[in-house]
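Peer 1: Residue numbers (the numbering used here), protein chains in the order written: chain A, 80 to 200; chain B, 80 to 200; chain C, 6 to 106; chain D, 6 to 106; chain E, 53 to 170; chain F, 53 to 170.
I should point out that these hints are in silico values taken from the structure, not numbers from a laboratory. Only a predicted model underlies this, so the values are computations on that prediction, with no experimental measurement involved. Be a bit skeptical, because a hint or two may be false.
[Claimed, not checked] Once the Cα atoms are required to be at most 20 Å apart in a straight line, the calculated SDA-like pairs of lysine to any residue come out as:
1. K31(D) - K99(D)
2. K99(D) - L80(F)
3. K21(C) - K28(D)
4. K21(C) - V26(D)
5. K86(C) - A78(E)
6. K101(E) - D141(F)
[To be verified] The calculated label-pair distances, taken between Cβ atoms and stated as ranges, are:
7. H79(D) - K141(B): 19 to 25 Å
8. E193(B) - M61(C): 23 to 29 Å
9. E161(E) - A91(D): 49 to 55 Å
10. K141(B) - A120(E): 29 to 35 Å
11. D108(F) - R62(C): 49 to 55 Å
12. S83(B) - K82(E): 27 to 33 Å
[Claimed, not checked] Calculated Cβ distances over 10 Å to all of chain F for the following chain A residues:
13. L150
14. D166
15. G169
Idealized CB from N, CA, C, for every residue including glycine.
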Amino acid sequence: MGKSKKIMFIMRKAPYGTIYPFEGLESVLIMGAYEQDISLLFIDDGVYTLRKGMDTSALGIKNFSPTFKALEGYDINKLYIDKDSLDIRGMTLDDLVVQPELVDEEMIPELIEEQDVVIPF
Amino acid sequence: MGKSKKIMFIMRKAPYGTIYPFEGLESVLIMGAYEQDISLLFIDDGVYTLRKGMDTSALGIKNFSPTFKALEGYDINKLYIDKDSLDIRGMTLDDLVVQPELVDEEMIPELIEEQDVVIPF
Amino acid sequence: MRNMLHIINRSPFYTKTVDTVLKFSKKGSPILLIEDAAAAAAAGSALCEAKLGNIMRDHPIYALKEDLEARGVHKVIEGIKVIDYAGFVELVEKYNTCSWA
Amino acid sequence: MRNMLHIINRSPFYTKTVDTVLKFSKKGSPILLIEDAAAAAAAGSALCEAKLGNIMRDHPIYALKEDLEARGVHKVIEGIKVIDYAGFVELVEKYNTCSWA
Amino acid sequence: MKFAVLVQEGPYQHQSSDSAYHFVKAALEKGHEITGVFFYNDGVLNANKLIDPQQDDRNVQKRWSDLAEKGVELVVCIAAAKRRGINDDILAPGFKISGLGQLTEMAIESDRLVTFGA
Amino acid sequence: MKFAVLVQEGPYQHQSSDSAYHFVKAALEKGHEITGVFFYNDGVLNANKLIDPQQDDRNVQKRWSDLAEKGVELVVCIAAAKRRGINDDILAPGFKISGLGQLTEMAIESDRLVTFGA
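Please model the complete structure; the sequences and the hints are all you need to start from.
Peer 2: Next up, the structure:
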């Protein structure tokens, strides 16, 4: 494999209504083992995936919220979140199960476009 | 079967990007045989499904545009289209393969809510 | 004349479906937020509170409890009625339905 | 620094994805409209012409010929470049891509 | 009352099938009659008996089959099913493949038709 | 150049799989190498050999199998496939079931990864 690539996962969908964020997270965990330069960016409804206090027991759907806390153990430390997406949803970092770096509309286009690979979920 | 029900199909999705309008139309044709009070309402991107001059040959996808012209033969004559949805897309009845009745935001809520059954596509 | 229950399942931040429902539903017709639409019922967003508050002048709004819980929403915007699946069934007893995605 | 190609496949009348792309893409980065997004490239809509015209000040816009044809769009808004799949491949030769739905 | 249900999305990718299941279950608990669940569009994919999810997740197909055991009729549209590779070889217990006429009859015979999906 | 392709939607319900196919075909015609097509999310449903559309429509699965005959590697994610009832019993010719590691390797080894879907 040799060279390390910059690979970003963009999480912009809400949890549970569709499977994208869950299966997206599963692919992040696998890629974490390949010693690439992995990052996650949470924008739009993707910020909902990190909200504390999810209880999926009544739906019987697997709650994947704890997996986000496990990302560090996989050496995936570059987590970014769009401040504006949080703001308009009335949320702050205190509402989240992990603490991504707050980024804004100035920084995000640079972050995205410097990647070798961007995978949207 | 006895009683006749008011059944409306709402077409609000664009053609080909998703299969909803095509499979929606297939279900309209079948229901047409059951002597119910069937109507079709085209709103939002559903108005795109009626545009003249579709050529799907390069994509190899079945062009279902001609089927709309066959609706009359199935005794399905109640076709309505939202004038505003046409307007904002820069379209008029002249752009369409069939000529539904133009309806507006005053009439549509009545049309929808007087139905016994509404099936969205 | 009877009103109809309008069921929305997509996030209003993602699709423009809410605008369509407002445009094409009768005054007084109830709106039920399920699946991803439920997340928008969370208290705390000035934008959602303004928008849903505005809608509630003409339409009662319901949000599905099981979907709220799954999304970690424990407090909803004032005026939104939280119902569970049994309550969903009761609404369908009263109204014909129209689903929007 | 190189720009990235942003590919959109949903109708801007249905989702708010176009706004997201504008917010999160660099000035000068090209945008490609495919599938249901292509329909919005049709000439004649004052709304689309205003919106896409505005975007074109910062981003070149391309629309996929095969998808335009399928949707009966024979004339696009001035300034939008119509390309076929071969042209799509050429854009991908030049740019990394980011897809949006 | 008599309820019919229309499912337009496949399992897992969208929540629609889950929502339809919970709705049917709640309706039965309230003593309503389910005249049938009709699977159309990607909804037909719910009838695939090879579905085998992770152990800590729900089995969407099996849930439906369990409802069939309680007498709920599960009807899969044949045209939509052929297009998506669902046939009798892999049809899960309790489902039957039929035509769109069945949806029509459900719509006519029921007090309500509730759609999940699209 | 070396292109990899990621397909996230199933056949027919969404156009994404069609678009991916036409893109791959055009890339091959221009002399590019396709390092692989990875099917994830509902994309795994493209690999169902039981797909049997109407005669006047395209067969999305068969199109992919035809590309495999020309040497294009078609990889189906095993976790996503199990969840949706795709296994070796119904796997169409030219597809192989493997893990997400394959997607990673495609992403690393290719000059581009183009995603269709979601």
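Peer 1: Against each hint, give a clear statement of whether it holds in the structure.
Peer 2: These are the hints, each one checked on the structure:
1. K31(D) - K99(D): With Cα atoms ~16 Å apart, K31(D) and K99(D) stay inside 20 Å; holds.
2. K99(D) - L80(F): Since the Cα atoms of K99(D) and L80(F) sit roughly 16 Å apart, the hinted pair holds (cutoff 20 Å).
3. K21(C) - K28(D): Status holds; Cα separation ~18 Å.
4. K21(C) - V26(D): holds (16 Å)
5. K86(C) - A78(E): holds (19 Å)
6. K101(E) - D141(F): Holds, because 12 Å separates the two Cα atoms, which is no more than 20 Å.
7. H79(D) - K141(B): 19 to 25 Å: With Cβ atoms ~20 Å apart, the hint holds.
8. E193(B) - M61(C): 23 to 29 Å: This hint holds: roughly 24 Å between Cβ atoms.
9. E161(E) - A91(D): 49 to 55 Å: Since E161(E) and A91(D) have Cβ atoms about 54 Å apart, the given range 49 to 55 Å holds.
10. K141(B) - A120(E): 29 to 35 Å: holds (33 Å)
11. D108(F) - R62(C): 49 to 55 Å: Roughly 51 Å apart at Cβ, these two residues keep to the hinted range, so it holds.
12. S83(B) - K82(E): 27 to 33 Å: The hinted range 27 to 33 Å holds for S83(B) and K82(E), with Cβ atoms some 29 Å apart.
13. L150: L150(A) is indeed farther than 10 Å from all Cβ atoms of chain F, at 15 Å.
14. D166: holds (25 Å)
15. G169: Given that every Cβ of chain F is farther than 10 Å from that of G169(A), nearest at about 26 Å, it holds.
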